[in-house]
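Chain A is already provided as a structure; the job is to place chain B on it using the hints.
This is what each chain is made of:
There are 2 protein chains.
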Amino acid sequence: MPTIVVDVMPKPELLDPQGKAVAGALNRTGHSLVTGVRQGKRFEITVDGPVDEAVRAEIRTIAEEILSNSVIEDVVAIDFGDAELAADETTEA
Amino acid sequence: MPTIVVDVMPKPELLDPQGKAVAGALNRTGHSLVTGVRQGKRFEITVDGPVDEAVRAEIRTIAEEILSNSVIEDVVAIDFGDAELAADETTEA
Numbered sequence: 422m423p424t425i426v427v428d429v430m431p432k433p434e435l436l437d438p439q440g441k442a443v444a445g446a447l448n449r450t451g452h453s454l455v456t457g458v459r460q461g462k463r464f465e466i467t468v469d470g471p472v473d474e475a476v477r478a479e480i481r482t483i484a485e486e487i488l489s490n491s492v493i494e495d496v497v498a499i500d501f502g503d504a505e506l507a508a509d510e511t512t513e514a
Numbered sequence: 422m423p424t425i426v427v428d429v430m431p432k433p434e435l436l437d438p439q440g441k442a443v444a445g446a447l448n449r450t451g452h453s454l455v456t457g458v459r460q461g462k463r464f465e466i467t468v469d470g471p472v473d474e475a476v477r478a479e480i481r482t483i484a485e486e487i488l489s490n491s492v493i494e495d496v497v498a499i500d501f502g503d504a505e506l507a508a509d510e511t512t513e514a
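Those protein sequence lines, which keep their order, are chains A and B. FYI, the numbering used here numbers position 78 of the first sequence as 499, with every residue one higher than the one before it. FYI, the numbering used here numbers position 42 of the second sequence as 463, with every residue one higher than the one before it.
Worth double-checking, as some hints may not be accurate.
Same chains, same names: a pair is fine if it fits in one copy or spans any two.
[As the list claims (entries may be wrong)] Pairs of lysine to aspartate or glutamate, EDC-like flavour, derived with a Cα cap of 16 Å:
{"id": "1", "residue 1": "462", "residue 2": "486"}
{"id": "2", "residue 1": "441", "residue 2": "485"}
{"id": "3", "residue 1": "432", "residue 2": "495"}
{"id": "4", "residue 1": "432", "residue 2": "485"}
{"id": "5", "residue 1": "441", "residue 2": "495"}
{"id": "6", "residue 1": "462", "residue 2": "437"}
{"id": "7", "residue 1": "432", "residue 2": "500"}
{"id": "8", "residue 1": "432", "residue 2": "469"}
{"id": "9", "residue 1": "441", "residue 2": "473"}
{"id": "10", "residue 1": "432", "residue 2": "479"}
{"id": "11", "residue 1": "432", "residue 2": "494"}
{"id": "12", "residue 1": "462", "residue 2": "494"}
None of these hints come from the bench; they were simulated from the model. None of the values given here were measured: they were computed from a predicted structure.
So here's chain A without its partners, still in its complex pose:
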C-alpha cells in the first residue's frame, strides 16, 4: 500500500517553544554550531489503492484541515512517494 508523507511545521513568524527548548539543550551540551531549531510533525499515511488525482486532493484536504492547525502551522510538504508523480507536483502549501 502506498505511503504518503505529510510534513507540518510551525509558522515561521510564530514563537516555537519546543524548538527553542531543543536548541537550548543542544547549546548546553556543547553543540554550539546549532543556531536554531524548529520542531514540527511528520505523518506517514498509508492509503488503500492507487494514488490518483482524487486521492491526492483528499490528502491535501486532510493535511490542511486535520493534520495541521492553519492558524499556527503550515503544511510544508506532501510527498506522494513512489506514485507516478512528477517531483514538482509535491505541494508546497
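This is chain B only, laid out in the frame that chain A set:
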C-alpha cells in the same frame, strides 16, 4: 545559514497511539481511504557556517542521541539541504 532537516519516526514494530488516534479521527470523518497513520517529528536545524563532513557527523550524533530516543524511535532521514552533498549521502539510519 544552511538548514538541515532531521526526520524521526516511532519504530515500526511499536504501537503508535498518536498515529492510531489520527487514523481513527480520519476514518470517523469519512476519510476511509486511509488505512494507517504514523506520526513522528520533523526538525529543522540551522547551523552556523558551511556543512562540511565534521558538521554532518555532529548532526548525525545529535539526531541519534538527542533528537530521538533510540529505544522507541528511528532517525529515518537527514537532509543536508542545498549543501553540495550527493543525494545518496542522506543517511537512512
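Structure-based check of all given hints:
| no. | hint | verdict |
| --- | --- | --- |
| 1 | 462 - 486 | within (15 Å within a copy, 19 Å between copies) |
| 2 | 441 - 485 | neither (25 Å within a copy, 19 Å between copies) |
| 3 | 432 - 495 | within (6 Å within a copy, 26 Å between copies) |
| 4 | 432 - 485 | within (13 Å within a copy, 26 Å between copies) |
| 5 | 441 - 495 | neither (18 Å within a copy, 22 Å between copies) |
| 6 | 462 - 437 | both (13 Å within a copy, 14 Å between copies) |
| 7 | 432 - 500 | neither (19 Å within a copy, 20 Å between copies) |
| 8 | 432 - 469 | neither (31 Å within a copy, 22 Å between copies) |
| 9 | 441 - 473 | neither (39 Å within a copy, 24 Å between copies) |
| 10 | 432 - 479 | neither (23 Å within a copy, 27 Å between copies) |
| 11 | 432 - 494 | within (5 Å within a copy, 25 Å between copies) |
| 12 | 462 - 494 | both (10 Å within a copy, 14 Å between copies) |
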